[in-house]
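Chains as they are written, first to last, in the numbering used here: chain V, 1237 to 1582; chain E, 1237 to 1582.
Any given hint could be a false lead.
Note that identical chains are pooled: a pair holds if it fits in a single copy or bridges any two copies.
What the hints assert, rightly or not - Quick list of in silico lysine-lysine cross-link-like pairs, DSBU-like style, CA-CA up to 35 Å:
#, residue 1, residue 2
1, LYS1412, LYS1458
2, LYS1283, LYS1357
3, LYS1357, LYS1513
4, LYS1253, LYS1357
Hint data in this document are derived by calculation from the structure and do not stem from the laboratory.
On a predicted model such as this, the values are computed, not experimentally measured, just so you know.
Number of protein chains: 2
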Amino acid sequence: MLEQTGSSATRVSTRTKRPTMADVAAQVGVSRALVSLVFRNEPGASKETRDRVLRAADELGYRPDNAARLLARNRSMVLGVMINVRNAFHADLVEAIYVEAERLGYEVLLSALGPARNERKVVEALLGHRCEALILLGPNAEAEYLAEVGEHTPTVVVGRRVSGAGVDSVHTAENKGIRQAVDHLVGLGHRAIVHIDGGNGPGSAERRRAYRAAMREHGLEKEIRVLPGDHTEESGVKAGETLRHDHQLPTAVLAGNDRCAMGLMHALSRAGVNVPKDISVVGYDDSHIAHLSHIDLTTVRQDAEQMAQLAVRSAVERLDDNRLPSRELILDARLVVRGTTAPPPA
Amino acid sequence: MLEQTGSSATRVSTRTKRPTMADVAAQVGVSRALVSLVFRNEPGASKETRDRVLRAADELGYRPDNAARLLARNRSMVLGVMINVRNAFHADLVEAIYVEAERLGYEVLLSALGPARNERKVVEALLGHRCEALILLGPNAEAEYLAEVGEHTPTVVVGRRVSGAGVDSVHTAENKGIRQAVDHLVGLGHRAIVHIDGGNGPGSAERRRAYRAAMREHGLEKEIRVLPGDHTEESGVKAGETLRHDHQLPTAVLAGNDRCAMGLMHALSRAGVNVPKDISVVGYDDSHIAHLSHIDLTTVRQDAEQMAQLAVRSAVERLDDNRLPSRELILDARLVVRGTTAPPPA
DNA sequence: AACAGCCACTAGAGCGCGCTAGTAGAGCGC
DNA sequence: GCGCTCTACTAGCGCGCTCTAGTGGCTGTT
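Please model the complete structure; the sequences and the hints are all you need to start from.
Structure, rendered in structure tokens:
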């Protein structure tokens, strides 16, 4: 039985305690403050001392301790990001968030949703780590909760419309994207255009509404048909089965997102239905899977990079001046026509 | 391009400074130490005081500050996890890691690879946040670097074999998995079985070797054929094209992983090749996409949950006693036969 | 009455760093 | 000599927390 008492009794370890600034300072023979200056790249240290400090640090294997840094600094310069690891579009966003955050001198902390980790838990975890601001990718939580969070921490919601909850939001103009998709399909000659719903996924309500509106404007109200679904491949597969057992296949499908479109296309091609000859498919997100040469999905492009940039900047601006009114940034969505849409079969 | 809608200037934004333990203590009229006890769920506070403290904390919106906690505690109880957000199998692993870590009282910090974030950068970021141990999912870094990291921090590598680098590793017995897959295909009557290589992806070298060995043992050395590739959908697509332009299609393909298999199947089905009637496909990973009912991919199951559990436990055990020798945990891989394999066309 | 034992609670020293205020010394003009 | 500025550095407090070593009061035992 090993007893650990006192701070002097270190862990049973050949591994020595992590070196601190004081160790580096002692090694070089200067003060801690000087080492601190060097590591923050602040002026006030001569070139030589700087070199000596850095060399000594390297020798000792010194690495600044972020926890201490965060604590000592008034600002933590950390942005917390909530993601769903299953979501390919989130992957695109995260990558771009890292880039923009680094550009602005911020660090990024990721926390993922999971079977036993709901949104509240994730948010708590992030706040616990001193994130100054939160970026929530496609949250499902009620507006009240988001408002509550936003009240004490600058919060940006990405990919979902949040009205008047006192938090910023960045999303695409779903209606324009869907509108373009429907226009494109109608232009190709389609009339029987089905929409697979995204359930309560972010943006789904708007997409559904936009689909209905667009169909009506083309005089196709009688063709309106919305299949239940969500933002997973599985729902696309199910929708594909439903359609296949129908008396008559529609000539085009507007999927809730790319993942759903993927599932749908799989189900269809396995059933011997050719895309786009027999049926056209349009996705939503333009996540990296859509680009793949042979998937080559016609989809509504949400510019992940730009969304990420705006989200990060939004958070940062609010940190600089937290009296800013909450705002909604709406990016244009743009239809990217690729290989899964074609004129309907004659 | 960018709209900005009006704001409901809800935010009064008297965002006061985040309350601390001292604030809570003052409010209740006790010492900081007592509040600390309550929040750590340690004995030593009466039921009533406990309640009063919690109530006051809730009122003030107090939330323990992890950075300070980490700093003050000798142990940080944080595990750092490096992931690739693009990788669906990593998603499975992460979810399971959270579960196991929580069970053992550890927190998890995620850091993702990205276009401008290589493995070193990710590792630095994690160490900077006081992670006590690292779990690296499918790293590509050289063994020397891993050894260097492992020297000062308990490190577990998942999904890749690392020999004698002084770090633990958890991976599946690639040879057994591949072996089963080849046996299965041969049992169905296949002879022309192609392997799409995983490039320098984790486990690829072993899988390639195992494929060759298994083919030889079945007397099929003349049928051995390895197509270049990696662990992305794109490589599956490319391989599909290569095969399609061949004088003769093989009757079965062993993909480098599930993503590769997905790309391959897409390419094939678009070319009018039916899976599994015309060609059988086997994946590797059993990531969640493989389960999808209509994808229904025959694949080699790597038990994400178990791998994650072992990785977390391994890290934790090493934290408890870091004089443990480094070890390699090898899980059995198991072929999961689903719908993408069938006897070859007559 | 004396004392141990226990419970509820407190004082105060850190954890590793950032940062403000300050100093020592060199150089310079007069 | 004096004051002045500028560079290169240092002292030491405080960030919000944990944790050890207490204190004081109450009960029960002899």
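Going back to the hint list, which numbers does this structure go against? 3
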